[in-house]
Amino acid sequence: MSDESDRGEMENTTGGILPDGTQAPFQTQIPVDSKLRFLDPRTNEALLQVAVTGSNPPPNYAAKVEYWSRIKPLKAPTLTMESFGFTNRPGSPGYPKELQDWLSVGSVIATAQEVSSQQWIQGVYAPESPNSALYWAVDPDQPTTHRIGLLVERGGASELLSMTWYKMKQPTNGLIFQNIPTKLTFTQVFAGDNPSTDPKLINPQATWYHYHCITRQM
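For the record, in the sequence shown the residue sitting at position 82 is 605 according to my numbering, with numbers rising by one throughout.
One thing to keep in mind: the hints can contain errors.
What the hints assert, rightly or not - Computed list of lysine to aspartate or glutamate pairs in DMTMM-like fashion (alpha-carbon distance at most 25 Å, straight line):
(1) LYS598 x GLU682
(2) LYS706 x GLU621
(3) LYS595 x GLU682
(4) LYS620 x ASP716
(5) LYS692 x ASP624
(6) LYS706 x ASP624
(7) LYS595 x ASP563
(8) LYS587 x GLU621
(9) LYS595 x GLU568
(10) LYS706 x GLU637
(11) LYS620 x GLU651
(12) LYS692 x ASP716
(13) LYS587 x ASP624
(14) LYS692 x ASP721
(15) LYS587 x ASP721
(16) LYS692 x GLU621
(17) LYS595 x ASP624
(18) LYS587 x GLU682
(19) LYS595 x GLU605
These are calculated hints, taken from the structure and not from any lab test.
Let the sequences and hints guide you as you build the complete structure.
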């Protein structure tokens with residue numbers, strides 16, 4: 524990840540098969556010192572909020588860690604992801620409270636913000652929880668040719684247990700996003716009328732790679 528990102532508007536709309544394309548270097552995931560919100564577009568209610576620390580985290584937080592706060596049950600067929608920068612700069616007096624306020628509305632799990640390319644494994648991840656949902660979106664790094672997937676594993680009360688990211692090629696540097704848009708739509712994957720966790724339904728021609736986030740409860 525890096526402190527800079529392309530925040531151009533982007534929305535995905537369709538689930539047709541995409542052709543293979545030339546892979547660009549991947550250098551960033553979710554930018555450090557940034558915030559994300561996943562909304563249910565039917566109600567505009569926040570379901571997840573994410574805060575990502577950089578090299579200067581607040582007290583009691585680790586550097587370069589993604590903190591995912593689950594606010595409401597994750598049962599929406601579509602998620603709208605919005606990205607923001609922090610109003611207060613890291614190290615400033617208002618920064619710790621802003622980060623804490625962003626996360627404190629829900630139950631929080633944490634995962635590493637940076638991973639190696641080798642941690643992306645070719646093939647399909649088998650979720651441990653039967654209550655899981657796979658979402659797809661256009662890949663902000665190659666929006667005309669590639670897609671990404673986000674698999675969320677949920678507990679019996681629809682709480683967030685873990686996340687698994689999918690890419691159509693193993694990313695150089697091991698990170699999910701080089702450029703993150705201001706807005707990105709994720710659509711749940713179905714096989715007929717039934718939810719599916721198989722990324723081959725996103726694009727059956729792609730060789731999928733996945734990274735399963737190692738998470739810990741906060």
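Structure-based check of all given hints:
1. LYS598 x GLU682: 10 Å, holds
2. LYS706 x GLU621: 21 Å, holds
3. LYS595 x GLU682: Given pair LYS595, GLU682 holds - Cα atoms ~8 Å apart, limit 25 Å.
4. LYS620 x ASP716: With a Cα-Cα distance of about 44 Å, the restraint between LYS620 and ASP716 is violated, given a limit of 25 Å.
5. LYS692 x ASP624: With a Cα-Cα distance of about 36 Å, the restraint between LYS692 and ASP624 is violated, given a limit of 25 Å.
6. LYS706 x ASP624: At roughly 22 Å apart (the allowed maximum being 25 Å), ASP624 and LYS706 satisfy the hint.
7. LYS595 x ASP563: Holds - the C-alpha atoms of ASP563 and LYS595 are around 10 Å apart, at most 25 Å.
8. LYS587 x GLU621: 17 Å, holds
9. LYS595 x GLU568: 8 Å, holds
10. LYS706 x GLU637: 22 Å, holds
11. LYS620 x GLU651: This hinted pair is violated, its Cα atoms lying about 35 Å apart.
12. LYS692 x ASP716: 28 Å, violated
13. LYS587 x ASP624: Roughly 18 Å separates the two Cα atoms, so the pair holds.
14. LYS692 x ASP721: 16 Å, holds
15. LYS587 x ASP721: Answer violated: LYS587 to ASP721 is near 30 Å, above 25 Å.
16. LYS692 x GLU621: 36 Å, violated
17. LYS595 x ASP624: Status holds; Cα separation ~16 Å.
18. LYS587 x GLU682: Since the Cα atoms of LYS587 and GLU682 sit roughly 24 Å apart, the hinted pair holds (cutoff 25 Å).
19. LYS595 x GLU605: 16 Å, holds
In summary, the structure is inconsistent with hints 4, 5, 11, 12, 15, 16 from the numbered list given earlier, while agreeing with the others.
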